[in-house]
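S.K.: What follows is each chain in one-letter form.
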Amino acid sequence: MTNGRTWRKLIWCGVLVICSAIISGCDDQSSGYPTGGGPGGSSPGSSPGDGGPGQAINQNAGGAGYGTPQDSSQFGDPAFSSGVTVAKIDTDGDPNESTSLDPNYNPETTGTVNGAPVNSAQYAYVVMSQQQMADSGVSIGDWALVTNTSNGQQVWARVEDTGPAGGTGEISEAAASAVGIQFQTNSNTIGNPTVTVQAYAHTASIPHN
Amino acid sequence: MRTPRLFLTTNMKVLTLLLVLTISAAAADNIPSPDGAYVLEIGKSVRIVDHSHTTVLTVVPNVQGLREVAAQWSADSQRVVLVLNYDRGAGVYAAYLEGGSWKRTIEQDSDFPSADLARQAGVSGWVASDKRMIVGWVAADRVNMTGEATYKGGHHVPYAYTLVFTGGPTHLSRGGYEDGAIKGIDFHLK
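Quick mapping for you: the protein sequence lines, in order, are chains A and B.
Heads up, the first sequence is in this note's numbering, so the first residue is 1 and it goes up one at a time.
Heads up, the second sequence is in this note's numbering, so the first residue is 1001 and it goes up one at a time.
Worth flagging that the hints you see were computed from the coordinates, not collected in a lab.
All values reported here derive from a predicted model rather than from experimental measurement.
Glycine residues also receive a C-beta, built at the ideal position from the N, C-alpha and C atoms.
Just so you know, nobody snuck in bad clues.
Here are some, though not all, of the chain A residues that point toward chain B, as calculated from beta-carbon distances under 8 Å: (1) Ala79; (2) Asn104; (3) Asn106; (4) Glu108; (5) Gln130; (6) Gln132; (7) Ala134; (8) Asp135; (9) Ser136; (10) Ser139; (11) Ile140; (12) Pro164; (13) Gly166.
Please work from the sequences and hints to get the whole structure.
M.R.: Quick look at the structure:
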């Protein structure tokens, strides 16, 4: 019987070791890039535009965001360029949004800030598809430059969300406000503003000013 | 009266069952090739490792924000297709053995006929989110796939298509993927 108890202890120890090893290997999916800070948004354009029936113009975006990269001279050529494309507003991560306002709203974003979704109203960010990121070498957290092609206004942003195939020009509320693009709470833009998005690979670790 | 040998035998059955259940649960992230020569390991990255656990190819270097992943090996263990679904977008990746070395590729966005599908479904607007799923291999060089696109405004459009390994010329992208090695064809409403 002593031998039986000894064997039983040894076997249970082995099971515990194996289970511990498997559990410790689990992926927590946490973000590793530095968190942002500094001003990322500016005042939205002054034209009130047409809010449309039942839809207020969103005036809340443009809070503190990622600011500007400390040294963009290291960036070199952009790894991804969208070309001139119609701007689309991604409200994801904005706690003041909801699916009743924007049916495509998602409280989560691919990137995170201090473990929380990236607030679209607060942070200037852009959305890229998996293929766009894979083929360009751009990753979540890398810097991107958004330019409003109608007025030349620009804002530095980070790549923070994964979008569907072929999507281009999708930017956060803060990024839109920063370049003078107005939009409604349902995320529809006022008019059809166009932007370019240029993303820079391997720049996530470059801090902001 | 139970003998020590009988005691061990009974407990070994329980332990074996526990181990099998534990390993089965963990196997969702480790998908072996049919011939057992390789394993697709899904963790903070997606890698193919050989029997000595040496990485032979990193298919996806970083899966931050990943919600779901699915993968299927071809019967000859020469190819593997995997789908990575995020909250609003998906990536269809593949790895294939060519000339003795593993290469990686990704389905091109341009394959996805979002406007055609919208027209067929009678919806409008741009695609706000998209999800993909693997149905299964139907030949050595093709895989049946499904997806569901959600258009601006919330209209859901389920669709199906075939992913084909072209065998044609490829272009190595800046990110290190052999563009053109796979192509999505025959997209249609489901």
